[in-house]
Amino acid sequence: MTIEIRNISKSYGGERILRDIDLKINSGELVALLGPSGSGKTTLLRVIAGIEQADEGSGPVLFDDVDVSNVDLGKRRIGFVFQHYALFKHMNVFENIAFGLRAKPRRERPSEAQIREKTQSLLDLIQLGNLSQRYPSQLSGGQRQRVALARALAVEPRVLLLDEPFGALDATVRRELRRWLRRLHDTIHVTTIFVTHDQEEALEVSDRVAVMNAGRIEQYAPPQEVYEKPASPFVFKFLGNYNLFHGRTRGDEPGEALVRPHDIAIARDPNAAGASARPGVVTHIGFGGAVVKIELETEDKTHVDVEVSAPTFRDLNLKRGDKVWFALRNAQEYVPDFVI
Amino acid sequence: MSRHHRVIPGLPLTLGYTLFYLSALVLLPLAALALKAGQMSGPELYRVLTDPVVTASLRLTFAASTIAALVNAVFGLIVAWTLVRYDFPFRRLFDAIIDFPFALPTAVAGLTFANLFLKDGWLGGVGGHITAGINALAHTLGLGAPLPADALDFLTFPYTGQTGGIVVVLIFVGLPFVVRTVQPVLLEWDPEFETAARSLGADSATIFRRVIFPEILPAWVSGVALAFARAVGEYGSVIFIAANIPGRSQIAPLQIVTRLDDFQYAQAAAIGVALLTISLLVLLVINGLESFSRRHERQA
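Protein sequences appear in the order of chains A and B.
FYI, the numbering for the first sequence is 1 to 340, going by my numbering.
FYI, the numbering for the second sequence is 1001 to 1300, going by my numbering.
Everything labelled a hint here was simulated from the structure, so no lab data went into it.
Careful: at least some of the hints might be erroneous.
Cβ pair distances, simulated, as ranges [as the list claims (entries may be wrong)]:
| id | chain 1 | residue 1 | chain 2 | residue 2 | range |
| --- | --- | --- | --- | --- | --- |
| 1 | A | Trp180 | B | Phe1292 | 34 to 40 Å |
| 2 | A | Pro110 | B | Thr1050 | 56 to 62 Å |
| 3 | A | Trp180 | B | Asp1099 | 48 to 54 Å |
| 4 | A | Pro105 | B | Pro1089 | 33 to 39 Å |
These numbers come from a predicted model, not from an experiment.
Think of the CB as a built atom: it goes at the ideal place given N, C-alpha and C, for glycine as much as any other residue.
This is chain A alone, in the form it adopts within the complex (with noise of 0.2 Å):
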């Protein structure tokens, strides 16, 4: 199912959380909304599930090409994965899942056996068919969260809506979980909208990345290109570590240009660094396994962080206060935008 929204705002006691928003997601894909606490993106999410109305005068959401700004959230057929789940305690996984089922209208429910056979098949999805009948309070993170997205799943929902569903998890946990979904995504091809604030997340994941802030889509592309080709100093800040460069435009406007750590190259010898190389004295090394980080300090007192694979590393052979040269591989210059 596609989704459009037009010209969507919310605000909340004269503070604008979403401004003007306009996204349109197609039909299967899995698009992650990506943005700092505050930024609006969980807020959108529940507009488009229909949890909060949006503002007078915003345009409409499109499920389909049909308006459902007016749909009741129960009529949306939407299935929504909250962010601490939303499991309801005093039922055991099995029944949590059938809820939905259950609750529909005498004649529209499924026979019991229908109802049992679904559920047994969604547990077996999420692999929990041996956990079937342990409540929520008995369960580690990650499995409530995969009986939170099963239970949104019964209904067979036309779009799946997650509030930050890595969130609450370990790292290790995490990374299994996003890859499971990716997985499961590639099975069901639902239409899939995700919320998260971690950035590596929503690269590894999604089809396409909204990066948010301030109630604004900054971006909207792919990964790799929201990545490689960021639309504006935030989006480029917030997806990764970066080096600012104050300087002058070729137009001779003040800008800044910025500059991811592997971004810049690093040599011993002035003319193996590159064009327009500039000294620097190593002031702190970092040892992360497979990428060393290394601090430099120019003679203008500017620290610069470089980081460089392991080999490199090994054949540079750098000490503190070693004396090497860097350049600029890949920097991104913008003119800083004024208008706040």
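Could you slot chain B onto chain A? The hints should help.
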């Protein structure tokens, strides 16, 4: 579990204190009561407890208490729900009024209710008042008295002196229990659960029945149990409103007082033990219900 996370140190001390406290305040007096009742011979005890006046009083006490507790169960839940879920003028005032039955000496409550519901009280004589008013009006218009004095007596509240009156005051004294046990649970309730149920297509009735009610059930059950226990022991307010006719409208606590007035201490103790035993059984059943409704809170 709690053994690994002691907030207050010195388990032997606190445990010892708890046991001493409970023994001194609850177990010892109860044992004394049972001992007192035990002074009677078996047949004598049997005769006291099967005395129609005594059995009638026990029946009345438990029947009236049960009805009062059930009424409070329903309306207490509604009151708690309304106070938590809705905002209306003077909500805080109404919230404070809930505790009134706790604060008011029950004898005063009984007196107030009795005055209201007596034959010539505001509510007790409402039919008579209306008849008298109409007749007086007709009289001044020179129409004589068109209505017989008892024409509207069916409107008169038949509370005073009967079981109805006893139930009313027991509802009054038990009111705060259900409200005050359910209220905190509703206050802490995360509306996200309701949103989740709604997103899964559940209607309001289903959400209440399957999502909210099971969550407040344990608190609700214990509130009802407290209201029931309170009603069983209630004395002060009831004796003012009941006609207190032996065998018909005398509650068990009044029977005990009557026996004490006759210096029949052992008999009084025996009725007390009977009252206690039945109450205990009822509370055990309610407790069982409560822990059943909490079964999901058990950890693996």
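Okay, the hints, checked on the actual structure:
1. As the Cβ distance of A:Trp180 to B:Phe1292 is approximately 36 Å, the hint placing it in 34 to 40 Å holds.
2. One distance hint, 56 to 62 Å for the beta-carbon pair A:Pro110 and B:Thr1050, holds here, with the actual separation near 58 Å.
3. For A:Trp180 and B:Asp1099, the Cβ-Cβ distance of about 53 Å falls inside the hinted range of 48 to 54 Å, so the restraint holds.
4. Remark: the range hint 33 to 39 Å for A:Pro105 to B:Pro1089 is upheld by a beta-carbon distance near 38 Å.
This entry satisfies every hint, going by the numbered hints stated previously.
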